[in-house]
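Using the sequences and the hints, build the whole thing.
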Amino acid sequence: MATVTPLVEAVPPHPTVRIRPRSGWRIFELAELWHARGLLVMMARRDQKLRYRQTVLGVGWVVLQPLLAAAVLAFVFGTIARLPSDGVSPILLAYTGLVCWNLFAVTISSSSISVVAATHLVGKVYFPRLILPISAAGVALTDFAVSFVLMAVIVLVSGVRVTAALLTLPFWFAMVLALSLGLGFAAAALMVTMRDIRYIVTFGLQLLLYASPVAYAASAVPQRFATIYNLNPLVPLVSGFRWAILGTPAPAMGAVIYACCVTMFMLVAGVVIFRFREPVIADVI
Amino acid sequence: MSSEVAARPPLAGVVRGLGKSYRVVRPRVRDAGARSWLRMLRPPATVLRALSDVSLDLRRGEVLGIVGRNGAGKSTLLKILSRVTLPDTGYADLYGRVGSLLEVGTGFHPDLTGRENVYLNGAILGMTRREIDMRYDEIIAFAGLSAFTELPVKRFSSGMQVRLAFAVAAHLDADILIIDEALAVGDAEFQAKCMNKMSEVTSQEGRTVLFVSHNLNAIRSLCTRCVFLSDGAVVADGPTGEVVDAYLSSIQLKDARITFTDGDAAAAAQVELSGRTNHFGAGTIHIASVELAGVDGRPGRIFPAGDECTLTIDTRLLGQVQDPIVGVRLKNSLDESIATFTSRHLFPRRWSDVADDPELVRLRIPQLNLLEGEYWVDLSVTDGVTFEAADMVERAISLHVDSPPPDRYGGGNQEGFVYMGGWFEVT
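In the order they appear, the protein sequences are chains U and G. Residue numbers in the first sequence follow the working numbering, run continuously in steps of one, and reach 590 at the last position. Residue numbers in the second sequence follow the working numbering, run continuously in steps of one, and reach 434 at the last position.
Derived from the structure by calculation, the hints contain no laboratory data. All of these numbers come straight from a predicted model, not from anything done at the bench. Do not rely on the hints blindly, as some may be mistaken.
Here are the simulated EDC-like pairs of lysine to aspartate or glutamate, each with C-alpha atoms no more than 20 Å apart in a straight line [unchecked claim]:
(1) U/Lys429 x G/Glu110
(2) G/Lys338 x G/Asp303
(3) U/Lys429 x G/Asp182
(4) U/Lys354 x G/Glu157
(5) G/Lys204 x G/Glu157
(6) G/Lys204 x G/Glu138
(7) G/Lys204 x G/Glu110
(8) G/Lys338 x G/Glu422
(9) G/Lys200 x G/Glu69
(10) G/Lys338 x G/Asp314
(11) U/Lys429 x G/Glu379
(12) G/Lys338 x G/Glu315
(13) G/Lys200 x G/Glu212
(14) U/Lys429 x G/Asp180
(15) G/Lys161 x U/Asp352
(16) G/Lys161 x G/Glu110
(17) U/Lys429 x U/Asp588
(18) G/Lys338 x G/Glu366
(19) U/Lys354 x G/Asp95
(20) G/Lys338 x G/Glu379
(21) G/Lys204 x G/Asp144
Below is the structure:
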């Protein structure tokens, strides 16, 4: 066979890895995220394993924390302040509120610090960075699962009649998770350059706990503050969550639609902010 | 198959015109006028050009070494190719699975067991769970740690951690493996094992390895091709021997310039160091001067090979230092360390309590077994508890070793590093 030296060397048509300067808006690379799901699960499990390692009570903390908090809140708001509790016992009201609230708060606080906490990893190896805040939410999900089981037991024992509203529970759960993830993504990406975010998140969660119907019923809020109060999307979400379990008054439809819009907007905005900051994370960290 | 094809294996990657700059934020000046909100959000910065217009071809089955001084852009190049950071200009296309090892044991967690860390580290490097399952026993066997897999890694010695980490990386099924200084750790035996593994995977499995190291011996023995980076640009690209030589001669040129400027001051039997600007450390001890003397205690800086040499360092205690450790390093003209002497903990605490009182420390080298050339002496005093430098002066003094006396036939020990004083005889 005659040997012909090609003038231009044939290059395989499809490179496996394309490295280009940052350009355009390749925001949602879901395929890549899906590809790295193994790592996502591995990191979430690592956090789980490490969380209560070398503690005496172990997973007991997951049960104890919201229970004690609920007792204190029920005492303060129910016994001392005597706020109306929509016809259920104050401790039940506070505990269901806290289960929902903790899902929100733990997701935000752990996902927002996830990128800064993984500084070392980010500077040394590539993986879709979105994995960090998502896997951090794993901790909140296990906490939720454990306290949810306990909540189910308490609710059944206390003789609350379960209504058809229970079927809407996955919806409230998904909304709260989506809202907290959206906020968590944005906070995680912004914290890389502004560590102030960490304090803003802590302080914001403190305020929001009282601005949401966690320890009291939304009906306790005076009518003239209702407009401002209802700006908080957690108001219909927590109320809805409680409605599904305890059959307390359902949130207004308009408020729920508003909360859905805010949640969707925050989720998209969170991802966009995160993807926009992603290329610089390794450089500035 | 034509010889042309055989000589040029298929492309594993193409790098074209890669460039990257960093913004380096300048320390904020305490100036009330400049304190605007805008400034706080975007502080003044200088742009540092880390990489400019780098183009390379990567071929399969090739070990490509990258050499260059610190800050030449080697790490930036590897970071871009590992996708840790993005380039500003240019592009790179890689064909095949890329595994990068910018550091040994990325993501190792001290509280997790050996087994858990293998799985986590493997996943971080891009292995699937099934792949790790398949190779798990092999990895543990390669690291030689089968007895310790259920122990938290924090109970491992640092050598064991490195072995485990490299074992995971070595079993990464990558077509292109990017390694940054990873071999610089671990004991000699394990390093050899890693090098064997590396040449094995490249020659037999047709993988490509990109390898950055300051260890020129490793580069020479492993790499088939070498790239020399300087100030972010490719200066030379070709066969390893030629490129390494080009790199070495560039160092010598730069060093020659340094020698020329500091040389006059340091080329004396006694050198006053108080005026030197290259003091480094806490300043709790001050190295004031240093003196060289020969066999009979006579000051001098020229020594016949194999002769006795005494170094006297005059130090002053200025602050609080615990268990001071005195260090003396001899370096050749390539800035390579030839011998290091440390006083360690057996050294008596003799520093005078009276501040600023001279305290003489003497190092006696009975046989200066060096071949002809100029040698530099670095001096240091370190706090033996915190291991922080109390004072350190690089290139404090230089000494000259004369050529050794020839044997009776005019030959003998002449080239290399060490003078052993051998001679030829005819029987």
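| field | Hint numbers contradicted by this structure | value | Violated hints: 2, 5, 11, 18 and 19; rest satisfied.
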